[in-house]
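Listed here are the chains, written in short residue letters.
Number of protein chains: 2
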Amino acid sequence: MFTNRLFFDISDTQKTEELRSKILTEYNSNQTGYYNLPIENENLLSDIDIWSSKIRNIQNIIVIGVGGSSLGTKAIYSMLHHEKKANTPNLCFLENIDPITIKKTLQNIKFEESLFFLVSKSGTTLDTISIAKIVMVHFGIFPNNRYFGKHFAVITDNGSALNKFANEYGLKSFFVPKNVGGRFSVLSAVGIVPLTLCGIDTTNLLSGAAECKEEFFIGKSTVLLKKAIAYTIKSEQNINVLFSYSDIFCEFNAWYTQLWAESLGKKRGNERVGLTPIGLIGAIDQHSFLQLIVDGPKDKSVTFIRVENMADNILIPDISLKYIEKADIKKGISAATLLNEQALATMKSIISEGIVTDDIILEKADAFHAGYLIYYFELLTSLCGLLLEINTYNQPGVEIGKKILLDKLGK
Amino acid sequence: MFTNRLFFDISDTQKTEELRSKILTEYNSNQTGYYNLPIENENLLSDIDIWSSKIRNIQNIIVIGVGGSSLGTKAIYSMLHHEKKANTPNLCFLENIDPITIKKTLQNIKFEESLFFLVSKSGTTLDTISIAKIVMVHFGIFPNNRYFGKHFAVITDNGSALNKFANEYGLKSFFVPKNVGGRFSVLSAVGIVPLTLCGIDTTNLLSGAAECKEEFFIGKSTVLLKKAIAYTIKSEQNINVLFSYSDIFCEFNAWYTQLWAESLGKKRGNERVGLTPIGLIGAIDQHSFLQLIVDGPKDKSVTFIRVENMADNILIPDISLKYIEKADIKKGISAATLLNEQALATMKSIISEGIVTDDIILEKADAFHAGYLIYYFELLTSLCGLLLEINTYNQPGVEIGKKILLDKLGK
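Chains A and B are the protein sequences, given in the same order.
Numbering of the first sequence is given in our numbering, commencing with residue 1 and proceeding in unit increments.
Numbering of the second sequence is given in our numbering, commencing with residue 1 and proceeding in unit increments.
One thing to keep in mind: the hints can contain errors.
In silico DSS-like cross-links for lysine-lysine, where the CA-CA straight-line distance does not exceed 27 Å [to be verified]: (1) A:322 / B:322; (2) A:402 / B:403; (3) A:85 / A:54.
Examples of chain B residues toward chain A, derived with CB under 10 Å [to be verified]: (4) 6; (5) 138; (6) 157; (7) 160; (8) 165; (9) 181; (10) 183; (11) 218; (12) 222; (13) 245; (14) 248; (15) 262; (16) 292; (17) 333; (18) 406.
Treat the hints as calculated values from the structure; they're not laboratory data.
No experiment lies behind these values; they were computed from the predicted model shown.
Even glycine gets a Cβ: it sits at the ideal position worked out from N, Cα and C.
Based on the provided sequences and hints, a complete structural model is requested.
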């Protein structure tokens with residue numbers, strides 16, 4: 001079960017119903033394709049199944065991609081790494097054109113055990129293609145090496161430059177639907193292909209997302225509508241903190257950061273609007289960022305994310321260390337319970353300062369709940385974009401820098 | 001060489017000189033001990049040297065600590081991992097009371113090859129002591145195991161509860177000076193002991209910090225004074241973004257986040273003041289957060305950090321991938337150059353939007369420059385705290401949550 005408790009009140013029914021009607025219009029227009037990804041992937045899963053029988057002895061899958069091509073996949077892999085199937089490949093990422101990282105990654109893998117996915121919607125992302133060139137030349141695989149198609153595949157738009165390149169050299173292409181933007185693409189081939197091959201239960205992942213979709217569009221849950229209103233209209237908070245209580249959410253926070261910042265930071269005519277995302281990990285960041293939330297300016301909302309029943313439970317030994325008895329706790333408390341109680345105590349202290357707070361509880365850290373969580377934040381982002389009256393799905397501001405770079409270094 | 005170019009102007013000489021006089025008063029009061037850490041550590045280094053000859057066959061050093069007890073050490077280790085001495089132990093961290101992480105960490109180490117440091121200034125941090133209990137019981141080492149003192153040591157205040165515990169069981173204690181707060185303690189035993197044992201050149205690290213100290217206090221550089229004024233008085237920006245161009249800075253960003261948030265988010269009488277830190281990694285976050293900076297509200301300043309001469313250089317192959325020629329770049333460009341040019345192009349695009357921007361250039365990613373950088377940001381934090389007229393060195397806001405937790409779980 002997925003629960004989201006709100007510690008603030010939005011009682012304007014007219015506003016929530018207006019917002020619901022707006023998102024239905026967007027949904028029905030079919031211009032925004034991510035809405036239907038949870039129920040459209042049956043062919044993809046059987047396609048992966050057939051193709052995976054052709055690749056053997058793969059120990060490492062390396063995604064070469066950045067932003068929307070890597071963050072969602074990383075988020076889900078980190079959340080579910082503890083429950084991946086046995087004897088499945090490891091997943092790693094080459095995202096940054098950083099020589100130290102590239103060198104270290106290439107040192108740690110053997111080519112004959114590796115499968116590289118070039119992931120780029122447009123197919124021409126400069127960093128991604130440059131890294132791919134380094135990898136190809138490092139392993140002497142390009143051009144015309146007969147193992148090329150066994151160790152490289154692409155995930156891109158049908159008909160993109162990268163797709164044409166793949167066809168030319170006999171590489172397999174998996175496709176991202178044209179109407180699905182990069183940062184909303186994790187439940188398309190972008191995430192589903194590498195995650196399935198690495199032993200993540202993507203069937204359940206998609207079921208969780210489908211359940212979220214159904215509860216929102218058919219079950220008419222109003223929680224997300226209220227949150228979107230609180231963040232955009234009824235509040236002075238323009239910084240939205242995710243306080244996620246477990247290390248498994250570290251990459252999920254990074255995915256959320258991209259989704260939120262790139263979708264909601266926009267020019268609207270002559271105005272600049274936007275909400276600033278911040279991702280924290282509990283209990284670690286109680287010893288870091290928390291002080292600013294409690295005593296600093298009230299420009300932040302805080303969403304807690306926590307897991308009710310964590311796997312791999314460990315009891316805190318009921319022993320007393322001489323002189324450090326102050327840190328003794330009651331008998332029978334597990335690490336997971338202490339983590340959850342840390343979240344609850346922090347939440348209470350924040351609420352007492354009058355800060356806009358809510359609490360997301362995942363029953364388990366499994367594929368179903370991960371899928372639900374991903375789709376939940378995608379919906380929330382779309383709702384905030386509608387209220388801000390911006391285009392949630394473009395990113396015009398990053399083009400200037402790309403142009404400056406290509407003018408200087410391009411051929 | 002360490003260079004910081006400012007793309008904004010603060011010409012109020014009276015203001016900068018007032019600020020210099022304020023920090024000199026604080027420095028001379030001796031109440032804030034971090035200022036002198038770079039030149040006070042000679043005894044510590046020889047103490048480590050003598051002690052390290054007694055511990056043998058250690059492959060893993062595990063720091064059990066959180067916040068100020070781990071973040072700085074992690075930051076420096078990540079920045080300098082690529083140049084650590086050969087055949088030195090690995091460094092890892094147990095920070096979070098998260099059962100999944102604890103289980104994974106303990107599975108990957110052998111007790112007989114491991115040395116654990118319990119790091120806590122007060123010595124009673126609940127998470128840290130609970131993790132320590134789990135580790136001790138997991139390896140059957142407590143109480144009265146004759147190997148206890150060979151595999152455990154502590155870093156804490158002289159006379160703290162943890163120090164007394166260590167004395168009781170014959171564990172080595174390294175001390176943090178009493179007037180050095182946790183988040184300003186990385187250049188004390190907290191960072192220097194584990195980093196030295198793991199093959200980091202801490203002598204040069206301290207030299208770099210000493211150089212920064214000298215250039216500020218004796219050379220009378222005004223750059224930091226101008227930055228502090230820009231962030232606190234002359235500007236509407238209350239979000240301060242670090243855009244660090246290399247994966248090696250990922251943990252440095254987390255250290256900066258604690259330093260900035262916990263030091264500068266405070267109540268001042270009935271007011272709430274504070275600056276919000278955000279850490280980004282280039283070029284990755286050009287595909288994430290950048291859109292919000294360029295087109296969103298002008299509430300952010302941006303500091304670029306980059307390395308002029310990176311180690312491990314890799315050339316981008318001068319090949320053309322058919323159909324993807326759009327991503328071709330000039331011949332002879334290295335990955336490091338492309339990374340730097342990405343920073344410069346992004347910087348130009350941000351400056352053109354009129355955003356408060358500056359550019360920190362490290363000549364190399366070595367111990368000297370890492371030490372300089374750490375001390376530089378500590379000074380900047382102190383200067384901003386003086387201008388905000390708050391106590392930079394306490395954290396009263398986090399006590400409420402701790403009390404709520406202990407009321408519920410304490411014995």
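Problem - Structure versus earlier hints, numbers of those that do not hold, lowest first - result: 1, 2, 4, 6, 9, 11, 12
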